[in-house]
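Participant: Now for the letters of each chain:
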Amino acid sequence: MTPVYLEHYLLVGAALFALGMIGFLARRNLIIMFLSAEMMLQGVAVNLVAFSRYRGNLGGQALTLFILTVAACEAAVALALILMLYRRRKSLDVSLWQELREPDQEPIVDEEPLPKRPEEEPSPRLTPAGRTPSPPTAVPQGARGDHTQEQETSHV
Amino acid sequence: MQTFLQLYWTLLLPVALGFVGVYLLLPRPGRSLPLLGALAGGAALLAAGFFVVRLPASIPESILFYAFAGVALLGGGMMITQKNPVHAALSFALVVLATCGLFLLQGAPFLFAATIIVYAGAIVVTFLFVIMLAQQAGLSDADQRSREPFLASLAGFVLMGALLCVLHKNFNTGELDRLLDEVEKVAQAKTAQEVKNLLGDPDLMPFGEKSLNLVTQLSAHFPETEKRLVENLEDAWGKMDVALLTERCKKVIDAGRRLRLATGILTPGQTRAGREREDGKKDAQLPLSPYSGVPANAKIIPTDDGKIPERLAARNVAALGRSLFTDHLVAVELAGVLLLVATIGAIAIAGRRAEGLR
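Protein sequence lines, in the order shown, are assigned to chains A and B.
Per the working numbering, the first sequence starts with residue 1, numbered consecutively.
Per the working numbering, the second sequence starts with residue 1, numbered consecutively.
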């Protein structure tokens, strides 16, 4: 008799799926939304493999491999999209794209201010010592190097 | 409503605790109670392990199941509640590793390796993105606020509760297993006294009430055609014929195990349309190919010593490969095309168009 039953794996899969859905609905960071979608796929994969084991049939495992393929494609396209969206808005906040909402929807306005973070102490600065080096002159590098060497030797 | 709660409170308690935990832990700018949320989440996990799963804690497989399932759910909860996206990505890696453990437990070593490789690659790429994009300006609106945390977690946990109840109703074999264990104890009884200790003495029962609690409970699980098997048990108990009782108990156990494995298996009409046999007839019993294993609706025949044959050995990597390239060849080709298209699409989307205009 198998000590772990089909039901338990199905329950784990369902819980992972629901957690992923919460993450996708509630979070506003594009990357975390993407990870939540991946977690929903993981829940489905657990389900399929459990059925595969339970029925003694490799169909579930084969289907999981295809899920893996789709997840890889999704990762590639989603990350490219995220990169493009980030370039436009300089932020990963999905609420910055809310002009794409339906026309009769109210916009989301953040009323509560973010807590102020303690200001970081500026890093200590050393007072510059010695003479400020003069900017390099526009003489070609090879020629100038030879020239200074000659000067130095003449001084000695 | 009351009967529903009575039936499913063991499932709904962890779900409710999880809801409180996730709701309190979701990031928000104002006052939050992270400690309380973590406590509620932990209590939800413990309650789920204690009430829902209820496995013997000594068999290695159940210990491993507890460990992997616990880590997967803990990682999932942490992933959706972390403010820092780097920590969220790390938690997701934890979820993937734990589900890989679950794959290994279920005889899928190839998927175990493939998932680790593919997701490890994906995670590394995600990490690069996170570090590159999110960490430049520190925490932002996107990380410190949630969109409708109450409604989102309510929706998620209502879905979870509904799924859990349906799964529990359709796939729970715990009750049947408990009853079958009792029948097995009766089958091992050697003397009439032992049987009387286990089931009670038929002579002491008042006339007309010579029914066994065990039999009524068991026959509720059996289909009409097999109820006779269970009722025979009562007959043998009434006569106190130990040899007959043992024999009939064994029959009931066999039938019960078949029934247990048949739980959740679709009827032939609902499975795939059926493959054509060599004579041109469609047959739903025919497996896709010998490499795919037993078809879902095949009869389960116990071996001579009464054991159910191992349904999917862990050494199935070669079989999976053959099955992929015989039964699912078109799908494999399509998956390859999909990957190619995704690669091209990703390059096209992410390419710097502005540079081309200059």
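To be clear, the hints were calculated from the coordinates, so they are not data collected in a lab.
In this text the structure is predicted, and so the values were computed from the model without any measurement.
The beta-carbon is built from N, C-alpha and C at its ideal position, and this holds for glycine as well.
Incorrect hints may have been included.
Far from chain B, by Cβ distances over 10 Å, these chain A residues were calculated [unchecked claim]: (1) A26; (2) S52; (3) Q61; (4) S91; (5) D93; (6) E99; (7) R101; (8) P103; (9) E112; (10) R125; (11) T127; (12) R131; (13) S134.
According to the in silico footprint, chain B covers these stretches of chain A (three or more CB under 8 Å from chain B) [unchecked claim]: (14) 6-16; (15) 33-47; (16) 62-70; (17) 80-87.
Cut-off 20 Å, straight-line C-alpha distance, at most; resulting in silico cross-link-like pairs (SDA-like, lysine to any residue) [as the list claims (entries may be wrong)]: (18) K83/B / L96/A; (19) K90/A / K185/B; (20) K185/B / M132/B; (21) K83/B / E112/A; (22) K83/B / Y86/A; (23) K116/A / M132/B.
Participant: Now tell me if each hint is right for this structure.
Facilitator: Hints, one by one, checked against the model:
Residue-level check failed: A26/A sits 4 Å from the nearest beta carbon of chain B, not beyond 10 Å. The beta carbon of S52/A sits about 7 Å from the closest Cβ of chain B, which is not more than 10 Å, so the claim that it is off the interface is violated. With a least CB separation of 5 Å from chain B, Q61/A falls inside the 10 Å interface cut-off, contrary to its annotation. Not every CB of chain B lies more than 10 Å from the CB of S91/A, the least distance being 6 Å, so the non-interface label is violated.
Residue-level check failed: D93/A sits 4 Å from the nearest beta carbon of chain B, not beyond 10 Å. Every beta carbon of chain B lies more than 10 Å from that of E99/A, the smallest distance being close to 16 Å; the non-interface claim holds. The claim that R101/A lies off the interface holds: its Cβ sits roughly 12 Å from the closest Cβ of chain B, which is beyond the 10 Å cut-off. For P103/A, the condition that its CB be more than 10 Å from all CB atoms of chain B holds, with the nearest at approximately 20 Å.
Not every C-beta of chain B lies more than 10 Å from that of E112/A, the closest at about 5 Å, which undercuts listing it as non-interface. At roughly 22 Å from the closest C-beta of chain B, the C-beta of R125/A stays outside 10 Å, upholding its exclusion from the interface. The Cβ of T127/A lies farther than 10 Å from every Cβ of chain B, with a closest approach of about 30 Å, so its non-interface assignment holds. The Cβ of R131/A sits about 37 Å from the closest Cβ of chain B, beyond the 10 Å cut-off, so the non-interface label holds.
For S134/A, the non-interface assignment is confirmed: its Cβ lies about 36 Å from the closest Cβ of chain B, beyond the 10 Å cut-off. Interface restraint, the stretch 6-16 of chain A with chain B: holds (10 residues with C-beta to C-beta distance below 8 Å; minimum three). Under a criterion of three residues with beta carbons nearer than 8 Å to beta carbons of chain B, the stated coverage of the stretch 33-47 of chain A is upheld, 8 such residues being counted. For the stretch 62-70 of chain A, the assignment as covered by chain B holds, since 7 residues bring a beta-carbon within under 8 Å of that chain's beta-carbons and 3 suffice.
Chain B is given as covering the stretch 80-87 of chain A, and this holds because 6 residues of the stretch bring a CB closer than 8 Å to a CB of that chain, at least three being needed. With a C-alpha separation of about 18 Å, the suggested pair K83/B and L96/A falls inside the 20 Å cut-off, and the hint holds. The hinted pair formed by K90/A and K185/B fails the criterion: a straight-line CA distance of about 69 Å is larger than 20 Å. For the hint linking K185/B to M132/B, the alpha-carbon distance of about 64 Å lies beyond 20 Å, and the restraint is violated.
With a CA separation close to 17 Å, the supplied pair K83/B and E112/A stays within the 20 Å bound. A hinted pair counts as satisfied when its Cα atoms are at most 20 Å apart, and K83/B with Y86/A qualifies at roughly 19 Å. The suggested pairing of K116/A with M132/B is violated, with an alpha-carbon distance near 24 Å, which exceeds 20 Å.
In the structure shown, a violation is registered for the earlier hints numbered 1, 2, 3, 4, 5, 9, 19, 20, 23, in ascending order.
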